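K.L.:
Just so we're aligned, residue 157 is where the sequence shown starts under this note's numbering, counting upward by one.
Think of the hints as simulated: they come from the structure by calculation, not from any bench.
These figures come from a predicted structure and were not determined experimentally.
One or more of the hints may lead you astray.
[Unchecked claim] Taking lysine-lysine pairs in the PhoX-like style, the calculated list, with each CA pair at most 25 Å apart, reads:
#1 Lys713 x Lys750
#2 Lys569 x Lys698
#3 Lys656 x Lys320
#4 Lys232 x Lys698
#5 Lys523 x Lys716
#6 Lys1026 x Lys1048
#7 Lys779 x Lys710
#8 Lys160 x Lys716
#9 Lys656 x Lys710
#10 Lys718 x Lys753
#11 Lys557 x Lys573
#12 Lys710 x Lys698
#13 Lys698 x Lys557
#14 Lys1027 x Lys1012
#15 Lys187 x Lys260
#16 Lys521 x Lys446
#17 Lys753 x Lys160
#18 Lys1048 x Lys1012
#19 Lys941 x Lys1058
#20 Lys713 x Lys656
#21 Lys710 x Lys1048
#22 Lys423 x Lys466
#23 Lys160 x Lys779
#24 Lys573 x Lys718
#25 Lys279 x Lys260
#26 Lys1012 x Lys1058
#27 Lys713 x Lys187
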Amino acid sequence: MLEKTFEPQAAEPRLYAQWEESGLFAPRAAKATDGAADAYSIVIPPPNVTGSLHIGHALNNTLQDILARYHRMKGKAVLWLPGTDHAGIATQMVVERQLAAAGKLGRRDMGREAFMDKVWEWKAESGGTIVRQLRRLGSSCDWSRERFTLDEGLNAAVRKVFVKLHQDGLIYRDKRLVNWDPHFQTAISDLEVEQREQDGHYWHFAYPLADGVTYEHPIAFDEDGKATEFETRDFIVVATTRPETMLGDTGVAVHPEDERYAGLVGKDVILPITGRRIPIVADDYADPTKGSGAVKITPAHDFNDFGVGKRAGLAALNVMDAFARITNEDVPEIPADLVGLDRFAARKAIVARAEEENWLREIEKTKHVVPHGDRSGVVIEPWLTDQWYVDAHTLAQPALKAVEEGATVFEPKSYEKIYFEWLRNIEPWCISRQLWWGHRIPAWYGPNGEIYVAETEEDAREQALADYDSEVVLTQDEDVLDTWFSSALWPFSTMGWPEKTEDLERFYPTSDLVTAADIIFFWVARMMMMGLHFMDGEAPFKRVIINGLVRDEKGQKMSKSKGNVIDPLGIIDELGADPLRFTMAILSGTRDIKLSKQRIEGYRNFGTKLWNAARFSQMNEAKRVEGFDPATVEQTINRWIRGELTKAERAVSEAIEGGRFDDAAGALYRFVWNVFCDWYLELAKPVFNGADEAAKAETRAMTAWTIDQTLKLLHPVMPFITEELWAELGKEGPARESLLIGAEWPALPDAFIDASAEAEIGWLVDLVGEIRALRAEMNVPPSAKPPLAFVAPDAVTAERIARHRDLLLTLGRVSEIAVAEAAPAGAVTFVSGGTTAALSLAGIIDLTAERARLEKEIAVFESDIGHVNKKLGNPNFVSRAAPEVVDEQRAKLAEAEEGKVKLQAALARLDAMAGA
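Sequences are here, hints too, so could you generate the full structure?
P.N.:
Have a look at this one:
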């Protein structure tokens, strides 16, 4: 007999160990009859090696595991390939902090080789944390194939790709603007930049016009916006939030259609402090409606300005070094007292000088968004520097075509728009990072600056011999590659490329990719580009499933500062992995998933319901029977549950195949709770307790068989409790042939759906549901058993009433059942299955008190409806309130309106009853 409750804390580690030991996480052996459709593969989005499991990981890996377990049970050879990312900055930062805390030498003091040894030591000791945590979630990855983006095989793949792209002219070295982190002294990707809103200032500076030029500047306007007064100016006003960058200004831009400055285009201004002449240029980037309409242009320190500079032919002058200190290397005229100052100290000094020399016109307070390094927390500086780049535009064309033509599809399809927009407007991809932990760039420099790109230093030396008569000293590039570069090769490098391996032949291209929307362009698009380029035009995956973002129950983003973070490991410790997984699945159908601990606890109750159903079945001697054939059952309830199970299997299979995990979970919930537990087992009780031994034996066998099939259907979503029940229930009856993870998915023919049984039990279920709803509406005490009468039923209904009389008495909680020509006096009528029925409530409820209750509750709903309508009718509320607050009010309105309609119907019934 099953224990009273399932104890996940004890069972889950034991069950996971059994799965691993079984070898079923690995793909099954190939068969001679296998075709492409017999393999299913998916690669895990590699979590950072420094990471710990967060709720986003829990969602993403639950969905992947559902796919892997489902296709495994469908008989396919399934490869779910796991691994971790070396996470350049994050890992280097962790180790540097550890060294500092221990009072040891810093990275630069100990040298590259010694520091790298320390990082590998850390990786060996602490780098497996998230992998262990994924096991706790139940992830059925093939751990024997686990990869790491810095392992030797991937290192070889990365070098080969770099060299080939360089040979093809698709990797090159260039001087361009990058996101520069002055703390880590490296370029970082846009994904590693965190935009923070903060208080700041616009400093309005007057740049004097050169050569005595003046112009008439409008200072007053009429109602139509036409200038009515002017003043003569010999300067032009620009505004900036970063005064320190003015030292590198090489132009001032105005809009080509801005009449105020039309006569100044082509003229020069004298840049304060440096005295440098810089031109006034016309460019659409300048917005006439913002500030003065004139914009200072610093191509070396602003991304927009860099574009203006390119179009206008302006010089790009660096005025900061790698530490974001002022340097005069490009601008010798910068005063000595500013050289060496930190950028923020220089800002104060420049503003003070502007005020002193009277070219500061205004200081305007503002809130603006400032980029920060997500790891370092320091303000990011757009910085002009020599880096390695990929010609992403060229590589993007096949990647665009693959999705446009349907070789790869996105689910939901709406996410294709993000993919297209980024690829159609793609910029060169900066792939070099000034770090030590990562794939070192396979480029060597000769004594005269020549660059030799090769997979090995030996190959680079051979290239150098073409330029030199003898061996020369070559120096390898100090930089490493962007982490996303190695991740872009993940689908094929993890399967052994550049070697022609069995895994590549069998599992590439992969079937699905499950990932988040925020890395569609950082990772998905780049995998598409690399896969198509290096794998003979084959896209790396056939379908990309985008999962939503998990927020708190109010729709707010989770953050430690808000205190609303849900820790998946804490949930697993307390409630087990299954309730978390089921919650992730059933809520996965929206872009923003509103999650609360209470939701997860609710789905723990779902698991408990299943467990109790299995115990109830055991108590009633429902055991698996050797040779039992569900096609031969005769009892109506057994033919009915067989059909309901078949429909549930169809719904679950179609939903999982379509990537609609919420629909799959919803179908499972409805079948297990609403159909099997609430109705079938209730309908089976009289059979279990009856005298018909043949009916009893059939229903016991059918119950055990149905539970087995249900465990199979539910296993991909809730693997632990289903595997435990599979084992426990397997102790009776024929021996199990395998663990549940290795069992075959139910194969249920259409013939299992029995229309006559469905109609009959459907009639009974609907009728009892109507009676129960009416009792609740009319506030009938649970202990009361009113009489039930059917008004002039047809012959089919009369036969059903007779067959199911005992069930109706029990399930409907009625005292007697009669057939009448008209509804009795004092009865409430309702229609079910086309027949009018009457529930006699006279003497059971107080009509006056009940009317007062209903009217009072209707008034409450009306008050709520009026209050919410007033809010939603206020344009200020709708426009200013957070979207989740507006949605909450709309949901509240719909709920109140629905409640009012139900109570009004109950009141009408009450009036009809009183009138009778």
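K.L.:
Against which earlier hints does the structure fall short, listed by number upward?
P.N.:
7, 8, 9, 12, 15, 20, 24 and 27
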